[in-house]
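Protein sequences appear in the order of chains A and B.
Going by my numbering, the final residue of the first sequence carries number 368, and the count climbs one at a time with no gaps.
Going by my numbering, the final residue of the second sequence carries number 368, and the count climbs one at a time with no gaps.
Honestly, the hints are just simulated from the structure, not real lab data.
Among the clues, some could well be false.
Where chains are identical, the list cannot tell them apart; a pair therefore holds if satisfied intra-copy or between any two copies.
Calculated cross-link-like contacts (lysine-lysine; reagent style DSBU-like; alpha-carbon spacing at most 35 Å) [to be verified]: (1) K188 / K120; (2) K364 / K126; (3) K131 / K155; (4) K131 / K72; (5) K72 / K158; (6) K159 / K126; (7) K120 / K155; (8) K131 / K159; (9) K158 / K120; (10) K126 / K188; (11) K220 / K155; (12) K158 / K131; (13) K72 / K188.
2 protein chains.
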Amino acid sequence: MTEPTAEKAKSSFTQTTTPLFLRAATGELTERPPVWLMRQAGRILPQYRALRARFPDFKVFVKTPEAAAEATLQPVDELGVDAAIIFSDILVIPEAMGLDYEMVEAKGPRFPKVIEGKGDIEQLRSGHAAAGSLEYVFDALKIAKKDLEGRVPLIGFAGAPWTIFAYMVEGGGSKTFSRARRMLYAAPEAAHTLLQKITDTTIEYLKGQVASGADLLQLFDSWAGELPPEHYRIFAIPYLQQICEALPDVPKTVFAKGAWFALEDIGELPCEVVGLDWNIPPAFARARVGEGKVLQGNLDPCCLYAHPDVIATETGEMIRRFGRHHIANLGHGVYPDTPLDGVRAFVDTVKSFSW
Amino acid sequence: MTEPTAEKAKSSFTQTTTPLFLRAATGELTERPPVWLMRQAGRILPQYRALRARFPDFKVFVKTPEAAAEATLQPVDELGVDAAIIFSDILVIPEAMGLDYEMVEAKGPRFPKVIEGKGDIEQLRSGHAAAGSLEYVFDALKIAKKDLEGRVPLIGFAGAPWTIFAYMVEGGGSKTFSRARRMLYAAPEAAHTLLQKITDTTIEYLKGQVASGADLLQLFDSWAGELPPEHYRIFAIPYLQQICEALPDVPKTVFAKGAWFALEDIGELPCEVVGLDWNIPPAFARARVGEGKVLQGNLDPCCLYAHPDVIATETGEMIRRFGRHHIANLGHGVYPDTPLDGVRAFVDTVKSFSW
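Please take these sequences and the hints and turn them into a complete structure.
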């Protein structure tokens, strides 16, 4: 597939053999799909819960590079996944831009102040001036990269601009994100200004992540599915395009949850991997993104509550449905109360598969 | 289209001319699409807010037939929509089955006790034994039907079995409904037993609604989009099929939010109308449900926050994209804080349209 990126991905690694995850992500045919889980560095692991207990404040945890690096490595040690993903939060970007948030236990994020209009947007920092305050993430990446000792690649990530925008305007999670979506109709120019500021910041942030050791970058567009197709084309795709173009030296994954209607556009982005949620049949996605992308996903996270035999069967079926050019994952972040045995059954099934 | 249903729909009406909404719903070519809004009997109307203020407890409001009938008629008087929908709640079904719920202001429903397994399911009432306790809805329908004096048809409704199941197992709204979805993997037989009990109750309930004056029935599958396609085929479609088959005498609408992946199956249900959320392009839906259905929807509810000129433009575009055999509506319930002028711009644009 995209040979220059593949070459760069390999050269940034120290081993003689390029790791399975990066070979798959850059379009090589691999002996089996690599496997990792979104939110693998989290509550499913007893080690994580013990580490987390040392930090009453979630944000202090995120901002302590040694702790974040430790959480990053735990699933590699415990589950044997084929990639690590840096432990962090997509909301470090709004905070770096000047919009502080609180993490409310068992409820999620809350922004005491939200973006209501032009004046608020003008006051935000952006680009390097904002991303410069995220050294703690870069430090965590450097420690994790060193401690991994080349065992598996390290994934960096950020929220996609629309999703970050949604939080900044809405002020937290929401069933409808109607406040954020309203701005797209009622004040489209202001919306574009904010999306551009988020994009500029995200690009600098991700450049810093690559400089600190990230081998692949994933963009999470968690609220993609809230937009009508026309709005996704206008308010999401162009900013994803800018980010992908600005980071030619590493493979990139775009995971736009619920954006089944935008797969043709996502297929044209200069990214290597497209993440899929559990609603999207692999054949539907392949027909729309074309042959030039690797697909990632998409087992229903709820499947991991089933008996290990059921998990093994469903995982095997999923792999066969995707066929080659596939990275095995769930269709969303693993749910925090998933039994560890279920997670293991998933990982082990993929690792024992062979084409 | 389905001539027998069309004939019955007409004969149940007293006017010499069959109303626009029923003509469109039964497949006639109409001079313009009829228009109504999901959740039109609600907070968008000052009259509703005044009426609601007289009932501190939402459930007492729902159970007072005169009040429910009054709320049902308000949008007909105030907005001039082409159909009324009975003011009620989909959660009257779990309550009738023996699972009580509370409506927590600004938060939504909460079930103090949830369904955890076989024992809980066995204890539930179902069928006529459950639906018999819903006389207050039938009374509200009778009053509303009388007070409408044949001006517009009256829509009855119920939640689809999967959505009711989701609330009964989850215990309330949820970001993921992972608890409800878990049962589909971990205890599929128990899940089917519960879904059948809900279905039996819903059929009796809807028969009672038709006997009380409902001219069309809509099934709301609000959480359809949480299921993987295979599960929707196994745990949702067969129960929708049973309900549609049991009610041959009125036209029926199936609105499965987020179920873009199931449109072929929904297209084969013996219903007349298929509701669409705002993610689904009309042409995508038409290609999948076939020519034999009327489509309903699907303007983004957030569009009604825009300037009336924008609303008029977007509404006109939507109508043209759907073409004939279309009932104009939003892609979801109207958001409670939508400006009344925005709602009016939507309704008036549809009403002034002409093919």
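How the hints compare with the structure:
no. : hint        : verdict
1   : K188 / K120 : both (13 Å within a copy, 11 Å between copies)
2   : K364 / K126 : neither (46 Å within a copy, 41 Å between copies)
3   : K131 / K155 : neither (37 Å within a copy, 51 Å between copies)
4   : K131 / K72  : within (28 Å within a copy, 42 Å between copies)
5   : K72 / K158  : within (22 Å within a copy, 57 Å between copies)
6   : K159 / K126 : neither (38 Å within a copy, 50 Å between copies)
7   : K120 / K155 : within (31 Å within a copy, 43 Å between copies)
8   : K131 / K159 : neither (43 Å within a copy, 51 Å between copies)
9   : K158 / K120 : within (32 Å within a copy, 43 Å between copies)
10  : K126 / K188 : both (19 Å within a copy, 23 Å between copies)
11  : K220 / K155 : within (14 Å within a copy, 66 Å between copies)
12  : K158 / K131 : neither (40 Å within a copy, 49 Å between copies)
13  : K72 / K188  : both (24 Å within a copy, 22 Å between copies)
Hint violations for this structure: numbers 2, 3, 6, 8 and 12, all remaining hints satisfied.
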